[in-house]
Amino acid sequence: MRKDLPPIEPYERTAHYYETDRMGIIHHSNYIRWFEETRIHYLDKAGYSYSEMEKDGVMIPVLSAECTYKNAVRFDETVLIDLKITEFNGFKMTIDYVVKGKENGDVKATGRTRHFFVNSDFKPIRVKDKFPKVYEVFNSRKEEE
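Read in the numbering used here, the sequence shown has 254 at position 133, and its numbers run on one by one without any break.
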């Protein structure tokens, strides 16, 4: 990530009752939704909202999503979700997530999503040349190895 950019604060999310399962914990499917909410938050904070990007003709479908569950999240518990762009080449992207309890910082889950970039006709695109703003938003914040 470029050193001159301010860090983006984690996405803060309070678990809703309807997200719980019979065991009283957040159902596993909700974490993938939370990852999407985190991506939208991240883009808003980076200064280029997802809705603006779509208006400009760029979409970022999910190729794969995975989540490893470490500790249960319960109703009304607040979590902080961090993301890191770990791979980006202007055509595809990988994002890693860490979900932590706000109160004590314990890791609740980790995850990863893989994406690629398409235009409004769902044709694959390379954003570097045709959509430099999209390229800059992701490339400037990609984590260095």
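Be a bit skeptical, because a hint or two may be false.
Claimed, not checked - Okay, derived cross-link-like pairs now, DMTMM-like style, lysine to aspartate or glutamate, Cα gap no bigger than 20 Å in a straight line:
#1 Lys176 with Glu257
#2 Lys205 with Glu130
#3 Lys205 with Asp142
#4 Lys221 with Asp125
#5 Lys191 with Glu257
#6 Lys221 with Asp197
#7 Lys263 with Asp142
#8 Lys166 with Glu224
Claimed, not checked - Simulated restraints on C-beta separations:
#9 Pro253 with Thr231: 18 to 24 Å
#10 Lys249 with Pro182: 29 to 35 Å
#11 Glu158 with Ser185: 26 to 32 Å
What the hints contain is simulated information worked out from the structure, not anything from laboratory work.
Heads up, the beta-carbon is just placed ideally off N, CA and C, and yes, glycines get one too.
Evaluation of the provided hints:
Of the pairs offered as hints, the one joining Lys176 and Glu257 holds, with about 17 Å between alpha carbons and a cut-off of 20 Å not exceeded. At most 20 Å may separate the alpha-carbon atoms for a hinted pair to count; Lys205 and Glu130 meet this at roughly 12 Å. Pair hint Lys205 plus Asp142 does not hold up; C-alpha atoms about 29 Å apart against a cutoff of 20 Å. Between Lys221 and Asp125, the direct Cα distance comes to roughly 26 Å. Violation of the 20 Å bound is thereby established for this hinted pair.
With a CA separation close to 34 Å, the supplied pair Lys191 and Glu257 exceeds the 20 Å bound. Proximity of Lys221 to Asp197 is assessed by CA-CA distance (about 14 Å); at most 20 Å being required, the pair is judged to hold. At most 20 Å may separate the alpha-carbon atoms for a hinted pair to count; Lys263 and Asp142 exceed this at roughly 35 Å. Restraint check: the Cα-Cα separation between Lys166 and Glu224 comes to about 23 Å, which exceeds 20 Å; the hinted pair is violated.
In this structure, Pro253 and Thr231 break the distance hint of 18 to 24 Å, their C-beta atoms being roughly 32 Å apart. Checked against the hint of 29 to 35 Å, the pair Lys249 and Pro182 fails, with Cβ atoms roughly 19 Å apart. For Glu158 paired with Ser185, a C-beta distance near 18 Å fails the hint of 26 to 32 Å.
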